[in-house]
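Listed below, chain by chain, are the residues.
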Amino acid sequence: MSLRQRLIPYWLLGPGLLWLIVFFVVPMYFMGELALRSGSLTTGYTFDWAWGNFPDSLSGHTEQIGRSFFYAGAATVLALLISYPLAYAIAFRAGRFKLLLLFAVIAPFFTTYLIRTIVWKTILSDDSPLVGVLQTLALVPQDGRVLATSGAVIAGLTYNFLPFMILPLYANLERLDSRLIEAAKDLYSSSSQAFLRVTLPLTMPGIVAGVLLTFIPAFGDYINAQLLGGPQQSMIGNVIQGLYLTQRDYPEAASLSFLMMALILAVVVVYIRFAGTGAFMGDEDERGTA
Amino acid sequence: MAAGRRAWGWLRRNALPVYAGLAVAYMLIPIVVVAVFSFGETPKDKLTFGLDNGFTLEYWRTVFSNPQLNEAFTTSVRLAALSTVVSTAIGTLMAIALVRHRFFGRRAANLLIVIPMATPEVVIGASLLSMFIYYSFALGFTTLLLAHVMFSISFVVVVVRSRLIGFDRHLEEAAADLGATPLATFRTVTLPLLAPGVIAAALLAFALSIDDFVISNFNSGTTVTFPLYVYGVSLRGIPIQVNALATLLFVIAVIAVALVLIQQRRAERMAAVRPELEPAPPIPAPPAQATT
Chain A
117 MSLRQRLIPY WLLGPGLLWL IVFFVVPMYF MGELALRSGS LTTGYTFDWA
167 WGNFPDSLSG HTEQIGRSFF YAGAATVLAL LISYPLAYAI AFRAGRFKLL
217 LLFAVIAPFF TTYLIRTIVW KTILSDDSPL VGVLQTLALV PQDGRVLATS
267 GAVIAGLTYN FLPFMILPLY ANLERLDSRL IEAAKDLYSS SSQAFLRVTL
317 PLTMPGIVAG VLLTFIPAFG DYINAQLLGG PQQSMIGNVI QGLYLTQRDY
367 PEAASLSFLM MALILAVVVV YIRFAGTGAF MGDEDERGTA
Chain B
410 MAAGRRAWGW LRRNALPVYA GLAVAYMLIP IVVVAVFSFG ETPKDKLTFG
460 LDNGFTLEYW RTVFSNPQLN EAFTTSVRLA ALSTVVSTAI GTLMAIALVR
510 HRFFGRRAAN LLIVIPMATP EVVIGASLLS MFIYYSFALG FTTLLLAHVM
560 FSISFVVVVV RSRLIGFDRH LEEAAADLGA TPLATFRTVT LPLLAPGVIA
610 AALLAFALSI DDFVISNFNS GTTVTFPLYV YGVSLRGIPI QVNALATLLF
660 VIAVIAVALV LIQQRRAERM AAVRPELEPA PPIPAPPAQA TT
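Protein chains in written order, with the working numbering: chain A, 117 to 406; chain B, 410 to 701.
None of these hints come from the bench; they were simulated from the model. Treat the hints with care, since some could be wrong.
[Unchecked claim] Facing chain B, a subset of chain A residues (Cβ under 10 Å, in silico):
id: 1; residue: Leu133
id: 2; residue: Ala205
id: 3; residue: Ile206
id: 4; residue: Leu215
id: 5; residue: Pro224
id: 6; residue: Leu278
id: 7; residue: Tyr360
id: 8; residue: Ala370
id: 9; residue: Ile380
id: 10; residue: Ile388
id: 11; residue: Gly392
Even glycine gets a Cβ: it sits at the ideal position worked out from N, Cα and C.
Extracted from the complex, chain A is given alone in its bound form:
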């Protein structure tokens, strides 16, 4: 290959990679720089290697950090419980309705995220019929509320990130060779044994991808906590948003945000090391080498 030919992929990638470097990688550097400053809004923030910002920002918000883990974790588990049977049904039982069902699954994406969440706020509001039903069933105390509780925030997160769980699961189940399940049954396994020992292990990659794709955005989200929760439900995203945009305490906001990025980067890099970038790209081409 001539040099010219060998340079072609770099020319093709150039503009995009440059854009991602300048507006994704470089901003991370400036966020780190901002995190190491000290001072106040009135005197201005000066850079002086203020490493103390990192532990300070963590210890100041342990409550919200713990809550973020709990809410995102609960939403991820719920989403998995809702999605797995649904994805299974779409992959194996839907017949000619397959495309329609897939379409229904991504339909929420066609309405604005914010409006979807505001609608849930209305549905869960104090005098809504749904809350009345829940009260009658004694799932909610007679004078209890649904809005402004942890349950409402978890429900909102579950709803909003459900498609991110369903789609990788579906993609995985769709590729599953159903003859393997038949083979298990031929060898006298019960339905549940076949599921636990054949289907479930084979769909583990889809489960892991779905869990990551749900947990990560749910962990950083602040819309659900803001609209469906009260002050007692605020998550780490709410803190970062408030510190940046309202209180303008940039160093503290930046250090929290930087730590969140570091945590997620670590998880994602470990994952990619094992599974390759393929699971995020939606194909088998980029398998991991570990």
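Given chain A, work out where chain B should sit, using these hints.
Same frame as chain A, now just chain B:
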């Protein structure tokens, strides 16, 4: 009792479809509620499953009569259109490079494309704001555009890439064998076959941009986009026109996706029309992992 047992038996046999049906219904509830709300006045912050003041087309007639809403909406459409054009062009080139070429640094490029998709929006928004603060860059339409293109690129690459992987390169070879120049091959064979993927990617980029709240909230300055407007008014009661507009957007999106699907099927059929007398010898595939 017997009827109850029969019902229970039916439920057990059909547990999976029933469960799936409920899950789908759950996904569609808010969409239906928004659409219903656009046809009637409902007391603020209250859900009633009837339309208290009856059915009205009032809010559909006046959907474009709120100047602030109009301005926000126009800004969003302009932003989404520009961001779509730029990110689709850039992303398509990247997808071509990644699928068709094996080169040094390919793995790193893949990583750089994947990580933004796995980053929480709040971190993307905050880091961009950090950089803009450092350079005292004025926040507004420009910063929004830079940000929107950035987070759209990865998704464009993923969509176009998946289309390219399923691409039958024999068709291009056939064109070349029949004397087409590389440019003519690209124009008459490659592009029409690739078009559905590129259009799907563009639609996704447009949807991502017009829907974005978090990253925009950090980098908008005084510019107001549609989601930012909705957020602003949500605290004191949303004009019902917003529901009508949201429903309108939903319908447009559904139609657009349906058109893309139809187009995709047609392209597939076009690619499938070839005599299957003798399977062509497979082109030796490049080793999948060797050169990444």
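A quick look at each hint next to the structure:
Nearest Cβ of chain B to the Cβ of Leu133 (chain A): about 6 Å, under the 10 Å cut. The hint holds. Taken as an interface hint, Ala205 (chain A) checks out: its beta carbon lies about 4 Å from the nearest beta carbon of chain B, inside 10 Å. For Ile206 (chain A), the shortest C-beta to C-beta distance to chain B is roughly 7 Å, which falls under 10 Å, so the interface hint holds. With a cut of 10 Å, the hint placing Leu215 (chain A) at the interface with chain B holds, because the nearest CB-to-CB distance is about 8 Å.
Interface restraint check: Pro224 (chain A) against chain B, minimum CB-CB distance 6 Å, threshold 10 Å, status holds. The restraint placing Leu278 (chain A) at the interface with chain B holds, with a minimum CB-CB distance near 7 Å, inside the 10 Å limit. Of the supplied interface hints, the one on Tyr360 (chain A) holds, with its beta-carbon coming within about 6 Å of a beta-carbon of chain B, less than 10 Å. Against a cut-off of 10 Å between C-beta atoms, the interface hint on Ala370 (chain A) holds, since the closest Cβ of chain B lies about 6 Å away.
Below 10 Å, beta-carbon pairs count as interface contacts, and Ile380 (chain A) has one with chain B at about 7 Å; its hint therefore holds. At a threshold of 10 Å, the smallest CB-CB gap from Ile388 (chain A) to chain B is about 7 Å, leaving the interface hint in force. A distance limit of 10 Å between C-beta atoms decides the matter here; for Gly392 (chain A) the minimum to chain B is near 9 Å, and the interface restraint holds.
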